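A.B. asks: As a plain string of letters, each chain reads:
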Amino acid sequence: MLVKKSLLLALVLVLGVGMYFTPNVLSATKTLTVWLQADAVRLPGYELVIKRFEEAHPDIKIELTNVPGGWSDLYRKLLAAFAAGTAPDVLYGKGYWITEFADKGLILDLHKYFIRDQKELNASSFFFNHLMIGSSYKGHIYGLPRGEYWYTPGYNVDLFKQAGIVRPPNTWEEFRTVANKLSNPDKKQWGFALSTYSRVDPVCVEAVLDTWTRQAGGQIMSIDKKTGKPTYNLLSKEAKEAFKFVVDNIYVYKNTMPPELEGSWETLIYNGQIAMWWLHGGHISRFRKGAPNLNFSSFIMPKKVNRATYIADNKFMINAKTKYPEEAWSLIKWFTSKDMEALVAPYEGHLSVWKENWKLPVFQHPAYQGMIRQFSLPETIPFQTHPGWESVRGAIARELQKAIFGKATVEEALQSAQKVAEEELQKIYGK
Amino acid sequence: MSNIRRRYLRETLTNYAFIAPAIAGVLIFHLIPMVTSLFLSLTRYDVVSSPKFIGLNNYKTMVVDPLWRKSIFNTCYYVGVTLPIRLIIALIAAVLLDQKVRGITIFRVIFYLPSITAGVAISLLWKLIFQPTYGLANSLLAHFGIQGPAWLGDPKWAMPSIIIMMSLNIGQFMLIFLAGLQSVPTYLYEAVQLDGGNRWHQFKYVTIPFLTPVIFLNIVIGIIEMVQMFTQAYVMTGGGPMDATLVYVMYIYQRAFQWLEMGYASSLAWFLFIVLLVLTIMQFKLSGRWVYYESAGGRR
Amino acid sequence: MKIRISFSIVLTYTFLILGAIIFITPFIFLITSSFKTPAQIMSVPFRLWPDPWRWQNYVEAFRVQPFGRYYLNSTIITSLNILGVLISCTLAGWGFSRKYFWGRDFFFLLILSCMMIPGQVTMIPLYIMYSKLGWINTYFPLILPSFFGSPFYIFLIRQFFLTIPDELADAAVIDGCSPFKVFWYVGLPLVKPALVSVTIFTFLAVWNDFFSPLIYLNSPQKYTVMLGLTAYQAEGFTHWEYLMAASAIAMLPVFVIFLSLQRYFVQGMAMSGLKG
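Chains as they are written, first to last, in numbering that gives the first Met the number 0: chain B, 0 to 430; chain L, 0 to 299; chain Z, 0 to 275.
Note that these hints are calculated values from the structure, not bench results.
Careful: at least some of the hints might be erroneous.
Unchecked claim - 27 Å max Cα-Cα, derived DSSO-like pairs, lysine-lysine:
1) Z:131 - B:103
2) B:332 - B:137
3) L:155 - B:401
A quick note: this is a predicted structure, and the numbers were derived from the prediction, not measured.
Based on the sequences and whatever the hints tell you, model everything.
C.D. replies: Rendered as structure tokens:
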């Protein structure tokens, strides 16, 4: 009996091993592997685009891998896959990964393809060109952009009406006043909330310091045009003023949701306990499904010295070691084309990079209007990164959180953030 | 060669055939990696490029690394608070289960439930329980008019949340205590009764001394297991708000697999190894003082 | 005298029931949440019972993630691990329980001392080795080691083999059995309880394992159940209703195996704990 059982198990073993090692029998077709990250709402949109591509190109087969988890999981897995030589042909990821991957020589230089096929691409749009700055490293292009994802202030229209507030705030002072008016911490009502407090990644730094500093007329990072080497200055007058503005809103004026409740952010918005927040396209489509009764819209950044904000997006990149660069290039051109972005828009929600698509029905929701106005402003700044950007920003985020969680003053946090930023830079660039 | 020698040789070879896979396993999966990681800890290595020898730099960095200290503190906090709680609850449960009452099996299963399902599923369940707005914990507290904290979102409460969840994970300890309880000779209980003692005296003067070996065993097992906690922290908080739940193994994972700093991560791992080794040796040495072994007539 | 006994029994039952309530509450919460709609899960004030009972959550949980696939994967990995452990550890346990031969105690102690090495020390070189072999995102790292013995199970099984009198083995040899046949026909049948215990322990350890699948598996099609559970959390948003349903299903095999085989489980734990 035991012998029979062990034979059976051995058979299972052989079958199992066989299953996972079956070679691609269809050697006539070329197979492209694609990795991206999408939740259940977005995935059908991407799958549709791929299906259309396969119909238009019968000799190419696409193997899509939807890597679950978050973007940082995908990043880690890509790095590990590159190291093990099992990275996909095409990858879709955050724009700021381009500096890391290009620096390490992991992704393909797309310059010649870009020059050759310029007319097909969105090259004449100002919007697109901003994003292309983020797609390049040392003057060469490494990715194609799609799906703008940066934040715009959003607000609960009903709460504003109930409080008799006629229009969204226009300046920092008005912003604070409105937030104060709509707050009642004892009743768990807050005028404002961010959703990025405890993320030890660049988004936290952008959301609580960088953007506000820009609006105050300064900047925390500058990149030397010739050497590409960054300098960080978190101790400037503008940075202090900006960070103090954000932190005081939490602890002095108590008009901002405390960072401990970050996990409940969406629920609180759905329940009407938060009047203003930062949203992006993905939130818009999710909110529309998750809280159909929520009456929300967006407005442009309140002004201090200006209304600066960034524009950032996700990018398609190609593995430097791919066997089919031409096919991969045609796939990513396909994905980032006007019609395909229009196809995905209802599923994904991110504002299309093509201006022509802004007329689509899905983008007529009021929340997109503020976004469109914001990104048409000349103050919108392209996203710029440098090698090691993520680790530097992560280290800064850790220090800033001390003030965000009320464990340190704004000065102390900025001082220690400056220190760790310089330490990280030293690790990456040497003396 | 004589017949006996030949037979002995054959027997030895046969036995080695039996133990060969195990020895190979020990070499390939334990000893060689262990030595390799010692060498790795003297390099900077990101798997993509080749390793660069940097001597003891990793260890020098480690000593002044504030996150390293924080992870040690977090781990000690976690083990130091949770282990006694778990042991006490396990002991109470074992004593209860040792009473000869009906339906013991059902209760034993219920008490064991959190332990066999330990890991991802339970951590996610408790993540929902600790949800500040609509989770079970705060809803229960609200019933009594208490405003619950933000649990996993609050740096002060993140680790206590994990501790609360793990306090119910007592199955393994409970079983070992039970086995220990059942090995106490009953005539000693009668002796205490004859001397006029009550159940509390029985417990204090007979049960506890006889339980010292299993208490010791549970402490050793417990420390080794809990120092290596990872899944709960990863799944529930990812290291915690403001690194409040960044336990040691979580930190090793971050440095190894998020930042691809294999050299530094190896030095972190070796530090852990040495600490565990020292702890275990210390415990065995100290056990002579307070652990009672009946077979040796009271003193080992 | 009679009154005292009754009081202590009442006291015992009170504490037992109190304890049972505390221990079982999280699981009741799990089950009831798995049948609620998202709105009900997030409702304030809290309502325990779902209304209505949404069976669809269980169906949809399988659609939103390829959970059936995860289940299959976990089953394959767990079964192969059990096979590997049973083969390698019984062989080794038998070998180490034989009459003294040169090197026996040295190697046994060597194997035991490997229990002291925390997994984190070996995991990085092993990961690098697998990476160079191209075995990342395959099942080899998750299955192969089990075919090469595991110190704790070798120790446990050896304990049981030691209780077999030498005369039985000697008698079989005199009857003309090869050493392997002695092992197979004399040794193994007498340690069945140990084998069951080891099977249960291995099953629990591998089914619940999270760390190894986390670092070795990249494609979702290869994910195990435990890894797949974390996939129900998206960036900043969690499908609690699917997560609770999937968790309940994930816990089910563990629960069933434990319930039906707890006798062996308890016995195994006791043997290992006390003799060690």
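A.B. asks: Each hint needs a verdict: does it hold in this structure or not?
C.D. replies: Evaluation of the provided hints:
1. At roughly 19 Å between alpha-carbon atoms, residue 131 (chain Z) and residue 103 (chain B) fall within 27 Å of each other, so this suggested pair holds.
2. As the CA atoms of residue 332 (chain B) and residue 137 (chain B) are separated by approximately 22 Å, the hinted pair is consistent with the 27 Å bound.
3. Only pairs whose Cα atoms come within 27 Å are accepted, and residue 155 (chain L) paired with residue 401 (chain B) is accepted, the gap being roughly 13 Å.
Of the numbered hints given earlier, the model fails none.
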